[in-house]
Amino acid sequence: MIVAGETRSAYFLQEEEKRIETHTLSVLVDNEPGVLARVVGLFSGRGYNIESLTVSEVEHEKHLSRITIVTAATLQVLEQIKNQIARLVPVHRVIDLTHIGDAIERELALVKVAGKGDHRVEALRLAQAFEAKTVDATLESFVFELTGTPSDIDRFVKLMTSCGLVEVARTGLAALSRGKDGL
Amino acid sequence: MTRQMTGAEMVLQALHDQGVDTIFGYPGGAVLPIYDEIFQQDRIRHILVRHEQGAGHAAEGYARSTGKCGVALVTSGPGATNMVTALTDALMDSIPMVCITGQVPTHLIGTDGFQECDTVGITRPCTKHNWLVKNIEDLPRVLHEAFRIATSGRPGPVVVDIPKNIQFQTGTYYGPKSSTKSPGYRTSAYQPQLKGDEAAIRDAVALIAAAKKPVLYTGGGVINAGPAGSRLLRELVKLTGLPITSTLMGLGAYPASGPNWLGMLGMHGTYEANLAMHDCDVMVCIGARFDDRITGRTDAFSPTSKKIHIDIDPSSINKNIRVDIPIVGDVAYVLEDMLKVWKQTQPTQDKAALNAWWQQIAVWRAKKSLGYRRSKDVIMPQYAVERLYQMTKHRETYITTEVGQHQMWAAQHFGFEEPNRWMTSGGLGTMGYGLPAAIGVQAAHLDALVCCIAGDASVLMNMQEMSTAVQHELPVKIFILNNQYMGMVRQWQQLLHGNRLSHSYTEALPDFVKLADAYGCHGIRCEKPDALDDAIAEMIEVKKPVLFDCRVANLANCFPMIPSGKAHNEMLLDEDATDDAIGSAISAEGKMLV
Ligand SMILES: Cc1ncc(C[n+]2csc(CCOP(=O)(O)OP(=O)(O)O)c2C)c(N)n1
Chain U
69 MIVAGETRSA YFLQEEEKRI ETHTLSVLVD NEPGVLARVV GLFSGRGYNI ESLTVSEVEH
129 EKHLSRITIV TAATLQVLEQ IKNQIARLVP VHRVIDLTHI GDAIERELAL VKVAGKGDHR
189 VEALRLAQAF EAKTVDATLE SFVFELTGTP SDIDRFVKLM TSCGLVEVAR TGLAALSRGK
249 DGL
Chain R
-15 MTRQMTGAEM VLQALHDQGV DTIFGYPGGA VLPIYDEIFQ QDRIRHILVR HEQGAGHAAE
45 GYARSTGKCG VALVTSGPGA TNMVTALTDA LMDSIPMVCI TGQVPTHLIG TDGFQECDTV
105 GITRPCTKHN WLVKNIEDLP RVLHEAFRIA TSGRPGPVVV DIPKNIQFQT GTYYGPKSST
165 KSPGYRTSAY QPQLKGDEAA IRDAVALIAA AKKPVLYTGG GVINAGPAGS RLLRELVKLT
225 GLPITSTLMG LGAYPASGPN WLGMLGMHGT YEANLAMHDC DVMVCIGARF DDRITGRTDA
285 FSPTSKKIHI DIDPSSINKN IRVDIPIVGD VAYVLEDMLK VWKQTQPTQD KAALNAWWQQ
345 IAVWRAKKSL GYRRSKDVIM PQYAVERLYQ MTKHRETYIT TEVGQHQMWA AQHFGFEEPN
405 RWMTSGGLGT MGYGLPAAIG VQAAHLDALV CCIAGDASVL MNMQEMSTAV QHELPVKIFI
465 LNNQYMGMVR QWQQLLHGNR LSHSYTEALP DFVKLADAYG CHGIRCEKPD ALDDAIAEMI
525 EVKKPVLFDC RVANLANCFP MIPSGKAHNE MLLDEDATDD AIGSAISAEG KMLV
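Sequence order for the protein chains is U and R. Using our numbering, the first residue of the first sequence is number 69, and each one after it goes up by one. Using our numbering, the first residue of the second sequence is number -15, and each one after it goes up by one.
None of these hints come from the bench; they were simulated from the model. Among the hints, erroneous ones may be present.
Pair by pair, the computed Cβ-Cβ distance ranges are [unchecked claim]:
id : chain 1 : residue 1 : chain 2 : residue 2 : range
1  : R       : Thr282    : U       : Asp249    : 31 to 39 Å
2  : U       : Leu176    : R       : Leu16     : 28 to 36 Å
3  : U       : Gly102    : R       : Gln333    : 49 to 57 Å
4  : R       : Gln177    : U       : Gly113    : 20 to 28 Å
Once the Cα atoms are required to be at most 25 Å apart in a straight line, the calculated DSS-like pairs of lysine-lysine come out as [what the hints assert, rightly or not]:
id : chain 1 : residue 1 : chain 2 : residue 2
5  : U       : Lys86     : R       : Lys377
6  : R       : Lys377    : R       : Lys196
7  : R       : Lys527    : R       : Lys377
8  : R       : Lys52     : R       : Lys222
9  : U       : Lys226    : U       : Lys201
10 : R       : Lys498    : R       : Lys512
11 : U       : Lys248    : U       : Lys150
12 : U       : Lys86     : U       : Lys130
13 : U       : Lys130    : R       : Lys498
14 : U       : Lys130    : R       : Lys528
15 : U       : Lys130    : R       : Lys196
16 : R       : Lys327    : R       : Lys196
17 : R       : Lys352    : R       : Lys327
18 : R       : Lys179    : R       : Lys327
19 : R       : Lys179    : U       : Lys150
Everything numeric in this text was worked out from a predicted model, so none of it was measured. Note that CB positions come from ideal geometry on N, CA and C, so glycine has one too.
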């Protein structure tokens, strides 16, 4: 039971929450015109960060899309972000996958490298080590396809910079919670 | 009910089916088919304004004074962009409003057509939701959904953008009940929660019962919960004996004459209200949102209290101030359940502690923080509001305001006894709100006294609407506290900027009495305190719209005031507002704040 005057206001208990954390939010929305603009506009309008954003229709009959957003904020602001997204009319659910813990997170990258001789051999060897697929090859270039966690991809791309990296395209994060339950 | 009709007919039919009797609007190319339908019917009264912003604020005034949804109709392009301020205003103050905008025909969208603008793009951040209707089959469903979204949960404005070719097309109309059978209907994700969590309500009751220094802090959410909200709030106050204060938006939910009333709180709130907030041990926030005008410095806000927060919008909770017991739900539902629990459990309160608390409050009250220096020679603005109140309180009176000092003096010195009688722009602070809002209120309450307490600067922002009032025989009384200055700006310049009055003096004010004449309404000027009562009586008697030029003391300041960046217990009162105190009232850091 709560007794009046027992502790100070909860406001003062929040000091440690100044720490910035990176969280992955999964948002189920009606796939209707403007829905992505609503979510993105909310982030820019209220000064929240978007580090990665992925969106695609996931259930055609029900017109549902899933938006996966990676954002960095204090825990208090993260709670606000969740509440603000949930308030949008076409939003069905929002969950904080990082808060639930141990979510599966994957990203796909296409990585183009160009070069000759040793660079070429080294690029191919590294690609094999990362289990990247070669999806295009010419006498002077490769395009590799790699799926993994964002940090796997970061490492791969970093290594490729010394093997003639030309450009990179990344999909942004797709994420799901583990276990039998869905959003 | 399903029937074949054109899109324009559907608009009128849907408005009728939603119980709309009055709309505010302005025609133009992209809404001509709808105007043609308006011409051919007489179920819905159309009030022609002079500027689309006026239509928006009039719809807000109509909504706030009736509890119903306000409706505005404007054309594409400039018609829609002129609505943006009113939409934002309604969003900030949670006012239900449906705004229908015309749009260029679908095949011209995206071509920079004449009077094309991205209405849904522009209004997305200033509406609760909006739609561009590209297919006639979607129109009836969207229209009904627009009313549902605007009026349910935390109310707000919505926009339905209808291209002109859709207004001409024929399709099947579905009524509000049968609209679930219309093509494309899907159950909406938006289903606001009305009932509060039972366990949280029990905890809240226990916390209130055990409190030694409790305070109720209420807001516009109580008014939005309908008549039941205010009734249940009054019952709660009676049952618990708690002192009660309210935000600007919540005035009237509890009567100003009630024994437990502390007056308004916040930046220009009373001493007793703000100190009770600062020193309390249990704060019960009901339908308010811990806005910065209320909290002052957040890290010094009510440092020793446990906080209960009742709000229908989950995103309001823990946004600015962390609370101990959040309860998401409609104020009326939650209060009803709280009262039930209180009556069941019959908790014993600490009478001795509560007595001591009331004694402390009496000491604060004795400061008479709303006091001001009276004068025989000039009309003090506070005196003008007081007299207006005394001379209108026995009538059905509705007050709207513009924005500035006069707004705060109205809130401080006019006693509001009932909900829905007070219309003011709180969240956005929109100069130009009050006059058109009064027109909207009068349109809903033809026989009532509707008075806009205005400033000389604000009133000019939508002055053109006097012409609307005259045309539609809406006898609004515009009571201008004319101090020749943008008073609130001048006050801040005095407090923060070494009294350098940069562009806050309105050099070439119009002669308001002649202006009244030009509009075909009635003009009154009053310059002396002893002539005021007669002049007010004349204003009330005249059956026309009135522009009342009340000449007040030019340099009066609005006190009490919590300077920006200060805490509740650091407020400035009229008596200690010496030049020195004023000069050092605001720290360098405070000057950064608005
Ligand atoms: C549309 C708009 N522009 C600017 C402001 C900033 N502002 C706030 S109060 C004020 C002065 C209002 O002067 P007046 O209407 O004469 O009222 P007074 O303060 O003198 O009572 C101004 C310019 C505002 N609130 N709204």
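Here is what the structure says about each hint:
The hinted range of 31 to 39 Å is satisfied by Thr282 (chain R) and Asp249 (chain U), whose Cβ atoms lie roughly 37 Å apart. For the hinted restraint 28 to 36 Å between Leu176 (chain U) and Leu16 (chain R), the CB-CB distance of approximately 51 Å leaves it violated. Checked against the given bound of 49 to 57 Å, the beta carbons of Gly102 (chain U) and Gln333 (chain R), roughly 52 Å apart, stay inside it. Hint check: Gln177 (chain R) to Gly113 (chain U), Cβ distance near 25 Å, so the stated range 20 to 28 Å holds.
With a C-alpha separation of about 51 Å, the suggested pair Lys86 (chain U) and Lys377 (chain R) falls outside the 25 Å cut-off, and the hint is violated. Our distance criterion of 25 Å between C-alpha atoms is broken by Lys377 (chain R) and Lys196 (chain R), whose separation comes to about 35 Å. Our distance criterion of 25 Å between C-alpha atoms is met by Lys527 (chain R) and Lys377 (chain R), whose separation comes to about 19 Å. A distance of roughly 28 Å separates the Cα atoms of Lys52 (chain R) and Lys222 (chain R); the hinted pair therefore is violated under the 25 Å criterion.
For the given pair, Lys226 (chain U) sits about 17 Å from Lys201 (chain U) by alpha-carbon distance, which is consistent with the 25 Å threshold. The hinted pair formed by Lys498 (chain R) and Lys512 (chain R) meets the criterion: a straight-line CA distance of about 19 Å does not exceed 25 Å. As the CA atoms of Lys248 (chain U) and Lys150 (chain U) are separated by approximately 23 Å, the hinted pair is consistent with the 25 Å bound. At most 25 Å may separate the alpha-carbon atoms for a hinted pair to count; Lys86 (chain U) and Lys130 (chain U) exceed this at roughly 40 Å.
For the suggested pair Lys130 (chain U) and Lys498 (chain R), the alpha carbons sit about 63 Å apart, so the restraint of at most 25 Å is broken. Note on Lys130 (chain U) and Lys528 (chain R): the hinted pairing is violated, with a Cα-Cα distance of about 57 Å set against a maximum of 25 Å. In summary, the hint linking Lys130 (chain U) to Lys196 (chain R) is not supported, as the alpha carbons are separated by about 54 Å, beyond the 25 Å threshold. With a C-alpha separation of about 20 Å, the suggested pairing of Lys327 (chain R) with Lys196 (chain R) holds against the 25 Å cut-off.
Restraint check: the Cα-Cα separation between Lys352 (chain R) and Lys327 (chain R) comes to about 36 Å, which exceeds 25 Å; the hinted pair is violated. Under the criterion of a C-alpha separation no larger than 25 Å, the hint pairing Lys179 (chain R) with Lys327 (chain R) is consistent with the structure, at around 18 Å. A C-alpha spacing of about 21 Å is found between Lys179 (chain R) and Lys150 (chain U), which places the hinted pair at or below 25 Å, so the restraint holds.
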